[in-house]
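Asks: Single-letter residue listing:
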Amino acid sequence: MLAQLRSWWRALSGPSRLDGEMASEMDCHMERYAADLVDRGVEPGEARRRARLEFGSAAVAAEECREAVGLRWPNEFARDLRYAARVLRKSPTFTAAAVATLALCIGANTAIFSVVDAVLLRPLPYPHPERLFSVARHFQGKGPESYQTNLWGSAWEAVRDHANDLDAAVFSDGSMGVNFAAGGRVEYVKQQRVSAGFFRVLGIAPFIGREFSADEDHQGGPAVTLLSYALWNRAFRADPSIVGQAVTLRGEPHTIVGVLPANFQSIVPADLWTPLRPSRSGEGGGSNYAVVARLRSGSAWAQANGQIETIGAPLLRQYGQDPTTRLRLISFQRGLTEYVRQPLLILWAAVALVLLIGCVNIAGLLLARAAGRTREMATRMALGSGRAALIRQMLAESVVLGLSGGGAGAVLGWLGVKALKALTPGSMNVWQAVELDWRVLAATACVSIAAGILFGLYPALIASRLEIRAALGEAGRAVAGSRNPWPRRLLVASEVALGVVLLVGAGLLIRTFAHLRSLNPGFDAHNVITAELSLQDARYATSQSVNRLFEQSLARMRELPGVESAAVALSLPYERALNTGFQRLDGGHVDTESQITNMFYVTPEYFRVLRIPLLRGRVFTAADSSAAAPAVVVSEAFVKMYMPGDDAVGRHLDLGGGDRREIVGVVGDVQQKSGWGDGNPLAAMPDMYIPATQVEDKFIQLVHTWFSPSWIVRSSGPAEGVIAGMQRALGTVDPRLPFAGFHSMDDVRYRALAQERFQAVLLGALAGLALLLAAVGIYGLIANSVAERTRELGIRLALGATVPQAIRSVALPGVALALAGVIAGSVLAGFASQLLRHLVWGVRPGDPLTFAVVGIGLLGVAAAASFLPALRVTRLNPAETLRQE
Amino acid sequence: MGKQVDILQGTLDMLILKAVSLGPLHGYGVLLRIQQISKEALQIPQGSLYPALYRLEHRGWIAAEWGESENKRKAKYYRLTAAGRRQLKTERQEWKRLAVAIGDVLAAEPEKV
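Order-wise, the sequence lines are chains A and B.
Every position in the first sequence, counted from 1, becomes a number in the working numbering once 773 is added.
Every position in the second sequence, counted from 1, becomes a number in the working numbering once 256 is added.
Treat the hints as calculated values from the structure; they're not laboratory data.
Fair warning: there could be bad hints in the mix.
[Claimed, not checked] Think about it this way: if two alpha-carbon atoms lie no more than 20 Å apart in a straight line, the pair counts; the simulated SDA-like pairs of lysine to any residue are: (1) Lys1194/A x Ala1206/A; (2) Lys274/B x Gln291/B; (3) Lys332/B x Ala796/A; (4) Lys332/B x Ser789/A; (5) Lys332/B x Ala832/A; (6) Lys330/B x Ala808/A; (7) Lys295/B x Leu810/A; (8) Lys332/B x Glu836/A; (9) Lys332/B x Ala835/A; (10) Lys332/B x Glu804/A.
Here the structure is a predicted model, which means the values were calculated and not measured.
Can you make the complete structure from the sequences, with help from the hints?
Replies: Here it is in structure tokens:
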């Protein structure tokens, strides 16, 4: 067996060498034989002649040798491919159309697959990634199951103390911008907070130094940090004696304990790491932690998962979770990608659908071509070619098409990946680069060949099923199209049906995007510039120091030419806000359990800068100082949800820890990214505003680990001078504070809708492609039937049929097929749109308007695609048509 | 030279294996040796010799290497492999059984059947 493979490989890899060897061997044979004959007295010339004669044909012998070493199949295959390429070159229009279709479809697949591969498929870049898990809450609602990986401090402690099959660590999801200073260098860097043992669990050893120890990872432990290889190079020129040196981080000296290796890929973009210091209260009182765990050697998932479920049950009840919710162990990769998984899979399905439509389209073209090649096929069969050989030949043509399309598709895919990256700056933050590597290219090659066979097989089977005599005798002379038109009609109808599915999906996402864009922002974004700034800084650990910074910097900014007003807020509209609990104290609603709301601290001018309307009562003034009565302003949505039918002004709220406040005013709603509630991406959430002067030190320290407050400036004109002015104003107050970047409120809004825009644009483009392909399919069908029926139509016209009648008889099948496709596709789309349930907002998945527009639109396109080629009938001259043949 | 016999289909492989089992040979040498041993009784069609050699090499029963022939020319020499030796043994047994069986058939007399 091995010898056979070896000789086959040798023959395959060096066919010319094999031929050379055979030739020299046989020549040698003949020469010796001739020499022997000469020895026996034969005259030399005669001897050579006889040697050749008796040997027989060397070419035949060589062919038999090649066959003997298993080269028959590859040889025939190569011949088929050569012939296929020749045939395809002879019909350049068809070939160009098919290759272009395929290139678009395969290009889209390549681009999307490169993202899917990087995010969902390629194993995490850590040792034994299959043994890494996330501890997640598992929700089994009516829809598909879903997971959430954020947990409470007490859950982490339970896992740490009781799950002995796991080596676990905890980290804070996401990374936060912080201020970093070392040796005269000030930089805004990304910091991720991780517990002791985090890198051990990932399986990564620091390049130099060590990771955090347990005594550094608790409240009040020594301030330490780990640097990324890049930051170490950038800030310290890769100084190997860096361990033990101090850097200033968040305004506080931190000791460097280690540097991570160059090839370490963080799960979130990060320049440095600090200890998480997990706790049960404060940050740990909310579900702000994520747990990563490595299965200990010898332990199995089932066993460890059992432990986790047992640990989780009492905890989840304690936090008032739904009884069907469980704590489970899911793969770390799944845990990290849960939030993008569904949109990506839907996108993947969409490009696969487009490819399928493309294949169906080309199958239709091939069928039409096959009709024109009946004589060729019949002749070849008559000359002794088997049906299998014909099918193989036609499949070779399809595979050549598929591979050419695939090659062009790989190039388009490469461009597509670039475009995707440009379209989604930042939101494709994955730990592995999205790129066209060998995995993606291998997948593209497989898809190309599979596509070739997929669209080639059916037409090949149909075309090779023919009666030789009938085909040779009568081909082209039949009165009406002699071929059965149904295979092609079926293809076109199914193409339309698949197109409906994509168009409805895209329509729903576009409607969602339009809905979200049309929401009233609730403020005036015109001429507003914002800049955020990390205050996770030891020098700004008190309410007093923070407020002094706010007052002084805002005062300077208001002096800038063109600036009308300026304020600071913990977070902006269209961003995700801080969630906090509160209880109502009066006004007919007295709570015993906490309610949830969005919460912001703001400086008094906030509402004026953003022009958020005051509805009742008052907004804050300079009089709402730390010494004044605690005040709170709420939004209209807050009143609607928690105090329906009440005036709200004058009521009291308890924010916990004895912080009781009076509602002094009600303001209009603004749109926000909602982290809770019904899962709307954007909504007018219940909001609560408190004066920045009235927040406690502890609260300041906690929220500034998650949020960088924003300076908001309204100017009377263009922003250019304002940005430089803001930076200068801040610099005169504290030269060591850098703004992280400047954005207009329009940018903020644009970013907030990035995912929805991305989905709508991409699916819209794919659906447009599907529509185009369906139209081309119908056009081709009708154009072909006009060509096939020229003679019949000529007779009809000669017998007195009017031109409109003839046009109708040709075009109507196209419209009828489209109608059938639309009906079938609508049923399919009805099911498919349910999959989009979690991505569709402001419109129902079964939205009748979307279905109607798609249906009518497609029928319109189908009618155009049918009647345009049918108009050729007007150019028919009955007399001439009949005289042909 | 006696009367020449065309060799039976399928026995060529066995004859080649036997020929090279006596020592490495080049293609023409195989032909000569078979003719010589059979005292020129077996006539091997020269054109079918090489496909047979390639087939046997492909199956791993004989191995080929390039060497120098008696007249200082590059020639491809074939020798028997271990697998070829086993194959030759089975073929020889098969042949004997076949020969005996055919002999029995031909020796049969009407009254004994």
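Asks: Hint by hint, note whether the structure agrees.
Replies: Here is how each hint holds up against the structure:
About 10 Å separates the Cα atoms of lysine 1194/A and alanine 1206/A, which keeps this hinted pair within 20 Å; it holds. With a CA separation close to 12 Å, the supplied pair lysine 274/B and glutamine 291/B stays within the 20 Å bound. Between the alpha carbons of lysine 332/B and alanine 796/A the distance comes to roughly 12 Å, so the proposed pair stays at or under 20 Å and holds. For the proposed pair lysine 332/B and serine 789/A, the alpha carbon gap of about 17 Å is at most 20 Å, so the pair holds.
At roughly 19 Å between alpha-carbon atoms, lysine 332/B and alanine 832/A fall within 20 Å of each other, so this suggested pair holds. Simply put, lysine 330/B and alanine 808/A have alpha-carbon atoms about 16 Å apart, close enough for the 20 Å limit, and the pair holds. Of the pairs offered as hints, the one joining lysine 295/B and leucine 810/A holds, with about 18 Å between alpha carbons and a cut-off of 20 Å not exceeded. For the given pair, lysine 332/B sits about 19 Å from glutamate 836/A by alpha-carbon distance, which is consistent with the 20 Å threshold.
At roughly 15 Å between alpha-carbon atoms, lysine 332/B and alanine 835/A fall within 20 Å of each other, so this suggested pair holds. Distance hint between lysine 332/B and glutamate 804/A is fulfilled; the C-alpha atoms sit about 14 Å from each other, no more than 20 Å.
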